[in-house]
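Asks: Sequence:
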Amino acid sequence: MLYAFELSDKLLGYIESKYGQSARSRLELWQRLATTPSQLSTEDKLNQVNRFFNTTQFKSDLQHWGQEDYWATPVELLATNGGDCEDYSIAKYFTLKTMGVPVDKLRITYVKAIRLNQAHMVLAYYETPSSEPLILDNLISDIKPASKRTDLVPVYSFNGDGLWLSKQRGQGKRIGEAGKLSRWVDLNTRLLDDLK
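The sequence shown begins at 9 in this note's numbering and counts up by one.
Since the hints were made in silico from the structure, they are not lab data.
C-beta atoms are modelled at their ideal positions from N, C-alpha and C, and glycine is treated no differently.
A hint or two may mislead.
Computed list of lysine to any residue pairs in SDA-like fashion (alpha-carbon distance at most 20 Å, straight line) [unchecked claim]: (1) K53 to T43; (2) K120 to L147; (3) K113 to L48; (4) K53 to D150; (5) K18 to S33; (6) K152 to Y164; (7) K105 to L37; (8) K53 to L41; (9) K105 to S46; (10) K152 to V163; (11) K26 to Q65; (12) K156 to R123; (13) K120 to D69; (14) K152 to D52; (15) K113 to K152; (16) K105 to R40; (17) K156 to E51; (18) K105 to E51; (19) K53 to E14; (20) K53 to P110; (21) K105 to S49; (22) K113 to Y134; (23) K53 to T64; (24) K26 to Q71; (25) K156 to N125.
Computed spacing ranges between beta-carbons, pair by pair [what the hints assert, rightly or not]: (26) P45 to V161: 36 to 44 Å; (27) D17 to S155: 45 to 53 Å; (28) E76 to N55: 29 to 37 Å; (29) K26 to S155: 39 to 47 Å; (30) S25 to S138: 48 to 56 Å; (31) E135 to D159: 17 to 25 Å; (32) G74 to D112: 32 to 40 Å; (33) K120 to R40: 34 to 42 Å.
Sequences are here, hints too, so could you generate the full structure?
Replies: Here it is in structure tokens:
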């Protein structure tokens, strides 16, 4: 599913009235980033998007939304200037997709963060189906190959095209459609509403 990326004046006005001018400015910066000319290299796109979203404040879902697990849209993340690991990963995914990075090269990946001893989410970029993925993460600012992220153990990954079980650090075994993930379906519906 492709998203036409143009934040309406109505949405920007609403965000500004509810969250202030700085929230509107963050959304306008995001729109400029997402519509950056396509002649940028993929590496530049990955780095710019990773840096942009990693400046957002980390807030747990319970603290921020009053729920155990809430997947925020990029608009919600930037309007409130807060989110947790899946919110960063989702925002990076949709932004890179809008910038022309093919969906089949992007996977939102659920991992176990060993040092934190907790579940975590990152965005993985695969140059080719058999290449080692690069990991975009809110825990560190640098994008590193998965082999350099021994602190993360992959569990499963997904994108708009499918769902994969990851028993090792590769593509994993396809186990179905991303539509099996109710939070993903709900997020996509809300994102379409945001961008109307």
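Asks: Could you run down the list of hints and mark each one as holding or not?
Replies: Cross-check of the supplied hints:
Taking the CA atoms of K53 and T43, the gap is about 11 Å. The hint holds against a cut of 20 Å. With a C-alpha separation of about 13 Å, the suggested pair K120 and L147 falls inside the 20 Å cut-off, and the hint holds. At roughly 17 Å between alpha-carbon atoms, K113 and L48 fall within 20 Å of each other, so this suggested pair holds. Taking the CA atoms of K53 and D150, the gap is near 13 Å; set against the 20 Å cutoff, the hint holds.
Of the supplied pair hints, the one linking K18 and S33 holds, its CA atoms being roughly 14 Å apart against a limit of 20 Å. Proposed proximity of K152 and Y164 is supported: the alpha carbons are some 19 Å apart, at most 20 Å. A distance of roughly 17 Å separates the Cα atoms of K105 and L37; the hinted pair therefore holds under the 20 Å criterion. Using a Cα cut-off of 20 Å, the hinted pair K53 and L41 holds, with the two alpha carbons roughly 9 Å apart.
The suggested pairing of K105 with S46 holds, with an alpha-carbon distance near 11 Å, which does not exceed 20 Å. For the suggested pair K152 and V163, the alpha carbons sit about 18 Å apart, so the restraint of at most 20 Å is met. With a C-alpha separation of about 18 Å, the suggested pairing of K26 with Q65 holds against the 20 Å cut-off. For the hint pairing K156 with R123, the CA-to-CA distance comes to about 14 Å; that is within 20 Å, so the pair holds.
Proposed proximity of K120 and D69 is supported: the alpha carbons are some 18 Å apart, at most 20 Å. For a cut-off of 20 Å, the pair hint linking K152 to D52 stands: about 14 Å separates their Cα positions. At most 20 Å may separate the alpha-carbon atoms for a hinted pair to count; K113 and K152 meet this at roughly 16 Å. A threshold of 20 Å between alpha carbons decides the hint, and for K105 with R40 the separation of about 14 Å falls inside it, so the pair holds.
Between K156 and E51 the CA atoms are separated by roughly 17 Å; this keeps the pair inside 20 Å, and the hint holds. Taken as a hint, the K105 and E51 pair is honoured in the structure, with Cα atoms around 14 Å apart against an allowance of 20 Å. Pair hint K53 plus E14 holds up; C-alpha atoms about 19 Å apart against a cutoff of 20 Å. The suggested pairing of K53 with P110 holds, with an alpha-carbon distance near 12 Å, which does not exceed 20 Å.
Between K105 and S49 the CA atoms are separated by roughly 14 Å; this keeps the pair inside 20 Å, and the hint holds. Under the criterion of a C-alpha separation no larger than 20 Å, the hint pairing K113 with Y134 is consistent with the structure, at around 5 Å. Between the alpha carbons of K53 and T64 the distance comes to roughly 18 Å, so the proposed pair stays at or under 20 Å and holds. Restraint check: the Cα-Cα separation between K26 and Q71 comes to about 19 Å, which is no more than 20 Å; the hinted pair holds.
Annotation: proposed proximity of K156 to N125 holds, straight-line Cα distance about 18 Å (limit 20 Å). Between P45 and V161 the CB atoms are about 37 Å apart, so this pair conforms to the stated range of 36 to 44 Å. The given range of 45 to 53 Å is respected by D17 and S155, whose C-beta atoms sit roughly 46 Å from each other. Between E76 and N55 the CB atoms are about 32 Å apart, so this pair conforms to the stated range of 29 to 37 Å.
As the Cβ distance of K26 to S155 is approximately 43 Å, the hint placing it in 39 to 47 Å holds. Between S25 and S138, the C-beta spacing of about 49 Å keeps the proposed range 48 to 56 Å intact. The given range of 17 to 25 Å is respected by E135 and D159, whose C-beta atoms sit roughly 22 Å from each other. Taking the beta carbon of each, G74 and D112 are about 36 Å apart, inside 32 to 40 Å as hinted.
As the Cβ distance of K120 to R40 is approximately 36 Å, the hint placing it in 34 to 42 Å holds.
Hint check: no violations occur; every hint is consistent with the structure.
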